[in-house]
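Engineer: Spelled out, the chains give:
Number of protein chains: 4
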Amino acid sequence: MIRAGIVGGTGYTGVELLRILALHAEVEVAVVTSRADAGLKVDALYPSLRGYIDIAFSSPDIETLAHCDVVFFATPNGTAMLMAEQLLARGIKIIDLSADFRLKDAQEWSRWYGMEHACPDLIAEAVYGLPEVNRESIKQANLIACPGCYPTAVQLGFLPLIENGLIDANHLIADVKSGVSGAGRKAELATLMSETGESFKAYAVAGHRHLPEIAQGLTFAAKQPVGLTFVPHLTPMIRGIHATLYGQLFSAAHGKETSLEDLQALYEQRYRHEMFVDVLPLGSHPDTRNVRGSNNCQISIHQPQGKRVLVVLSVIDNLVKGAAGQAIQNMNLLFGLKESEGLKTLALYP
Amino acid sequence: MIRAGIVGGTGYTGVELLRILALHAEVEVAVVTSRADAGLKVDALYPSLRGYIDIAFSSPDIETLAHCDVVFFATPNGTAMLMAEQLLARGIKIIDLSADFRLKDAQEWSRWYGMEHACPDLIAEAVYGLPEVNRESIKQANLIACPGCYPTAVQLGFLPLIENGLIDANHLIADVKSGVSGAGRKAELATLMSETGESFKAYAVAGHRHLPEIAQGLTFAAKQPVGLTFVPHLTPMIRGIHATLYGQLFSAAHGKETSLEDLQALYEQRYRHEMFVDVLPLGSHPDTRNVRGSNNCQISIHQPQGKRVLVVLSVIDNLVKGAAGQAIQNMNLLFGLKESEGLKTLALYP
Amino acid sequence: MIRAGIVGGTGYTGVELLRILALHAEVEVAVVTSRADAGLKVDALYPSLRGYIDIAFSSPDIETLAHCDVVFFATPNGTAMLMAEQLLARGIKIIDLSADFRLKDAQEWSRWYGMEHACPDLIAEAVYGLPEVNRESIKQANLIACPGCYPTAVQLGFLPLIENGLIDANHLIADVKSGVSGAGRKAELATLMSETGESFKAYAVAGHRHLPEIAQGLTFAAKQPVGLTFVPHLTPMIRGIHATLYGQLFSAAHGKETSLEDLQALYEQRYRHEMFVDVLPLGSHPDTRNVRGSNNCQISIHQPQGKRVLVVLSVIDNLVKGAAGQAIQNMNLLFGLKESEGLKTLALYP
Amino acid sequence: MIRAGIVGGTGYTGVELLRILALHAEVEVAVVTSRADAGLKVDALYPSLRGYIDIAFSSPDIETLAHCDVVFFATPNGTAMLMAEQLLARGIKIIDLSADFRLKDAQEWSRWYGMEHACPDLIAEAVYGLPEVNRESIKQANLIACPGCYPTAVQLGFLPLIENGLIDANHLIADVKSGVSGAGRKAELATLMSETGESFKAYAVAGHRHLPEIAQGLTFAAKQPVGLTFVPHLTPMIRGIHATLYGQLFSAAHGKETSLEDLQALYEQRYRHEMFVDVLPLGSHPDTRNVRGSNNCQISIHQPQGKRVLVVLSVIDNLVKGAAGQAIQNMNLLFGLKESEGLKTLALYP
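Going line by line, the protein sequences match chains U, L, D and X.
Residues in the first sequence are numbered from 512 upward in steps of one, following our numbering.
Residues in the second sequence are numbered from 512 upward in steps of one, following our numbering.
Residues in the third sequence are numbered from 512 upward in steps of one, following our numbering.
Residues in the fourth sequence are numbered from 512 upward in steps of one, following our numbering.
Warning: the hint list may mix true and false statements.
Here are some chain L residues the structure puts well away from chain D; computed CB gaps all over 10 Å [to be verified]:
#1 533
#2 635
#3 720
#4 770
#5 796
#6 851
DSS-like, lysine-lysine: derived pairs with alpha carbons at most 27 Å apart [claimed, not checked]:
#7 U:615 <-> U:650
#8 X:697 <-> X:849
#9 L:615 <-> U:849
#10 D:650 <-> D:734
#11 X:552 <-> X:697
#12 X:855 <-> D:855
#13 U:855 <-> L:855
#14 L:615 <-> D:818
#15 D:849 <-> X:855
#16 L:855 <-> U:849
#17 X:849 <-> D:849
Simulated from the structure, these hints should not be mistaken for laboratory data.
For glycine and all other residues, C-beta sits at the position ideal for the given N, C-alpha and C.
Make the full structure from the sequences, and use the hints.
Structural biologist: Here is the structure:
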């Protein structure tokens with residue numbers, strides 16, 4: 512059995528890790544830390560876990576975590592980078608669900624996250640944990656930087672087009688909508704039900720921290736810098752991300768004329784062996800409820816009125832494929848387990 | 512592998528059976544019927560099942576169902592009773608999620624359901640599928656009448672008190688709140704999101720069909736007729752039932768003075784070996800989200816201001832413990848499987 | 512024009528006072544205080560008020576408020592009682608939406624609210640602002656204690672029965688459901704959308720602060736102590752309270768046999784001249800959406816199966832008839848205006 | 512008093528007309544028709560109107576409507592065009608909330624709406640009822656075609672840019688999100704709460720009927736054909752539309768370099784005298800709740816990372832500024848009343 516530790520077990524990604532790991536055949540949850548709730552039974556805070564998780568929160572110190580084979584960080588940004596070196600030095604694998612190791616450029620990281628990076632040397636070593644792009648590197652990694660929720664939905668949607676140079680990478684638009692659990696489990700006015708229920712809004716249009724992460728991933732895929740406009744929105748539901756992506760297809764003059772059917776075939780081909788990316792038939796509109804609670808990404812493509820604008824729709828559950836589920840997919844790869852172990856669950860519909 | 516058929520696979524209880532059975536280690540879903548959608552791939556209607564259910568809907572005829580070991584009826588009331596005899600004659604087990612065989616009195620059934628019963632002789636043979644009451648009978652049954660959603664939450668909440676004669680059975684009150692999926696997947700004005708969202712209402716106060724079913728179960732437990740006021744409400748959420756139950760404790764003069772701690776111990780004792788009924792610690796308030804998607808019932812008891820009114824709170828997911836999950840729990844018992852097979856899932860929180 | 516001040520203008524009852532007063536023909540909102548946001552334009556915090564409220568928040572000091580004719584307290588409990596004497600001394604009318612002056616027994620107030628009362632002498636002077644009971648006293652008052660939201664819905668529902676001695680006042684049950692705005696605009700985990708959306712729960716079953724307030728009102732109406740069990744619930748919507756009330760009708764042996772039609776006539780008679788209490792026809796089920804945003808209370812009564820338990824359904828908008836609307840109804844009475852001035856609005860449906 | 516008739520009074524736009532007209536100082540609602548519910552009291556179907564609307568539904572025949580000064584059509588598409596000529600012949604003004612007279616090209620109308628137009632001759636006479644564009648024509652009109660909900664939000668957002676030729680009219684993107692009330696009050700599976708709650712989806716990406724309407728309006732403003740990609744989405748709330756609009760600013764080489772501050776000034780200037788269009792300060796994100804129940808459109812503009820893509824956010828209540836409120840604004844213009852008569856209401860927050 513793999514002994515897993517979770518640092519920051521009281522947030523939504525932490526409790527989602529617990530929900531999935533509790534039923535994972537190859538993992539024992541050995542440690543769940545919470546500075547504020549140390550000593551409290553985990554299932555006293557989360558009655559949904561009664562009967563499945565029987566330990567108490569402990570303090571987040573290295574000695575306690577040292578008995579783990581793998582440590583998940585489900586912490587606010589800036590915590591994992593303070594503990595990573597000591598854990599790695601003891602041979603413990605790290606899967607970081609925060610943003611600490613996602614950006615390859617430490618200075619850019621500092622600009623967006625408003626603090627100095629504590630261990631810039633480790634950044635190069637970290638593998639960006641998007642299995643559909645980095646599967647082989649993940650298997651060899653010691654430190655995995657799990658993608659953000661928006662970046663997962665947007666990259667999986669754009670990748671087949673970008674990798675094949677079929678759209679103008681200088682004019683990408685990602686209009687993305689998220690459920691409120693993406694804002695985390697924090698006592699804040701802005702995410703009260705009275706503030707977010709029955710209402711819809713955009714936010715951070717001037718610049719959201721997931722913008723450089725998406726741009727980095729698409730730049731890597733395009734092998735050239737990309738121009739991306741990214742507008743996140745808050746939608747009155749708890750779980751789910753829906754990315755609506757717009758790209759300009761090159762014209763035939765570029766020697767790249769492609770029919771919608773060709774593009775559909777390309778998408779199906781690209782994700783043929785991906786068990787968690789599902790390309791829907793032409794004409795479909797994915798619905799976030801159909802991936803709620805599951806690790807799936809469902810994608811469909813459209814070409815309205817046969818014009819040059821291609822519209823890609825990509826949905827995930829922000830807490831699963833956008834966080835805890837993808838982290839466990841990474842863990843499975845890291846430990847040579849079946850990639851889907853513990854993740855074969857169906858969406859909760861309705 | 513047990514070959515299972517589902518009659519009426521397009522409603523919410525039907526698709527919930529599919530969600531759970533798709534991952535059940537001992538069951539193969541062989542037939543899913545829908546008169547209206549025969550020929551259509553199941554996962555075309557329910558994209559949440561893609562990759563897990565690969566058959567098409569078929570017509571609901573006996574010959575098709577004859578190859579099954581067990582047939583679930585997830586149909587409107589009045590359908591199962593028309594097909595039951597023929598299936599039983601072929602040695603097929605029936606688990607009926609509709610109300611056709613729940614009431615032991617065929618005439619009372621007719622009054623509440625507005626039609627003649629098609630096979631009153633089978634009623635006596637049917638076993639009421641509440642494992643916490645009828646486990647041994649269920650194991651021997653050929654025809655199981657699964658309890659309704661309200662009756663499951665209310666009976667599990669009241670049973671320890673009623674079985675031990677601790678409250679006045681003549682003055683029971685059940686104030687129960689349900690999510691809208693309980694109304695089924697039907698094109699109706701009343702359950703549009705614009706009609707039910709952001710609003711709360713009672714309905715059918717004059718008399719709801721689940722009243723005689725609850726009364727029958729409690730009468731059986733009390734070994735005397737009971738007086739029950741049952742008020743169902745519609746609450747603006749999709750899944751979940753919350754029963755708030757009120758009973759008058761007998762006074763010491765009746766020689767039955769019982770402290771709240773004694774009652775708590777009684778509840779814990781009653782459900783000690785029930786893996787799907789969870790008595791929360793004193794002082795708790797169960798929350799429907801903590802059982803959403805799981806087969807659990809969570810219960811807590813309160814005695815406000817130490818007075819004679821005992822308040823019992825009981826929550827279930829109406830589609831799982833209140834329908835499909837309980838049906839599969841019954842199937843497991845019927846076929847000698849582990850009772851929890853396929854049902855060890857955690858609630859989706861948040 | 513009446514010059515109105517609002518102390519505590521950033522909570523939901525404060526902004527609701529602004530929404531209504533902005534269109535009130537006889538009132539000018541002169542002062543809105545907020546310690547934390549002093550100096551900020553009110554409509555910068557609440558863009559819904561743009562074009563209607565053009566002042567900034569000011570600090571809550573007596574001198575600023577001294578120019579007002581009436582001051583509304585939309586503050587947490589414990590604030591109004593600290594400022595009341597000084598304002599009254601200057602001849603300013605006070606309408607307190609908090610609980611400071613609701614209970615007539617200062618010691619009981621201290622037990623439930625966990626602090627000493629700062630001016631117990633004023634309690635006797637305060638008039639409980641339920642116009643349907645105290646209209647004439649309100650007109651003469653200097654200090655009005657506006658009822659809580661739950662107490663408004665419950666008292667209006669029970670009053671006709673209690674005042675006429677038709678039910679057993681020792682065994683009253685109030686099972687009440689509230690939208691989350693009742694919890695106020697505070698940064699708290701418990702009322703995040705991720706915590707309250709798609710879920711239903713009871714809370715404070717052991718004892719809620721509105722219990723003694725309801726009991727006091729019903730005791731006054733019954734002219735005898737009452738026995739009340741009050742269970743509040745949180746329902747996943749923003750606005751609305753639905754009270755489901757249970758009372759035992761006296762039997763004919765008590766010489767009080769009353770038919771449901773008689774009771775209906777009694778309710779209609781009791782509220783015949785109340786413009787904000789609407790008794791629905793027999794057979795109706797009021798729906799909170801039908802009073803959302805309006806100052807109305809809609810009530811219906813039921814006698815399930817013709818038994819002795821009478822069920823009363825009573826709905827209000829917790830922020831209007833349960834708070835700001837009722838406060839303005841009181842103000843209208845206090846200043847000799849038309850009682851409905853500023854309050855003739857229809858519910859927002861759907 | 513203006514005598515108003517409403518044809519199709521049982522849908523959401525019909526009842527919203529009633530909600531607003533009931534309090535309109537210059538209007539008496541004389542007739543409300545419903546073929547299915549003729550004879551039924553209006554407030555029996557809509558208890559939210561009790562005390563304000565005291566008539567019954569009548570059959571939709573010309574004789575009954577002939578006593579009106581103005582008739583609103585809140586009917587499905589295809590009804591108004593059958594009755595318009597007869598009503599106009601009697602000198603009755605028509606305000607059509609359906610799509611029958613929105614498109615100037617009868618053949619295009621037929622393609623999108625799937626039926627022949629019954630009175631193509633009247634199309635030229637109809638005035639498109641967007642007061643911010645056609646105010647003077649509206650005042651003289653006999654037949655007003657009220658804009659659709661999506662077209663209102665999108666046009667008001669794009670107009671200042673398009674009218675001034677500041678963005679490339681060939682590459683417009685409108686990513687728009689609507690609450691479910693936009694789908695109307697129809698018994699349909701797709702808009703059940705269990706189907707739309709807690710989920711988000713795009714729909715009709717291949718082509719939505721509001722596309723030609725938006726394109727027609729923008730073409731008129733641009734004085735050249737426009738290229739528009741329009742993707743509508745369904746968001747889990749009842750009321751509200753949020754348009755996120757993307758346009759490519761021309762570069763300085765085109766002699767049109769414009770700073771964001773200049774653009775802000777342009778927007779403020781464009782709508783300076785519009786009482787129902789509110790340009791928020793730079794940096795704002797409009798929220799649909801802040802216009803819920805009001806006739807306002809709130810707009811903000813952003814230029815992410817200072818690049819050439821301008822992002823415009825535009826929100827309305829689909830049933831008010833997107834339907835009934837705008838219709839009444841048109842009526843006010845038509846009859847020479849104050850344009851805001853009956854429409855000075857504040858949004859219901861929270």
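Engineer: Against each hint, give a clear statement of whether it holds in the structure.
Structural biologist: Taking the hints in turn, this is what the structure says about them:
| no. | hint | result |
| --- | --- | --- |
| 1 | 533 | holds (23 Å) |
| 2 | 635 | holds (26 Å) |
| 3 | 720 | holds (13 Å) |
| 4 | 770 | holds (15 Å) |
| 5 | 796 | violated (5 Å) |
| 6 | 851 | holds (24 Å) |
| 7 | U:615 <-> U:650 | holds (19 Å) |
| 8 | X:697 <-> X:849 | violated (34 Å) |
| 9 | L:615 <-> U:849 | violated (50 Å) |
| 10 | D:650 <-> D:734 | holds (24 Å) |
| 11 | X:552 <-> X:697 | holds (20 Å) |
| 12 | X:855 <-> D:855 | holds (13 Å) |
| 13 | U:855 <-> L:855 | holds (13 Å) |
| 14 | L:615 <-> D:818 | holds (23 Å) |
| 15 | D:849 <-> X:855 | holds (20 Å) |
| 16 | L:855 <-> U:849 | holds (20 Å) |
| 17 | X:849 <-> D:849 | holds (25 Å) |
Hints 5, 8, 9 from the list above are not met by this structure, while the remaining hints are.
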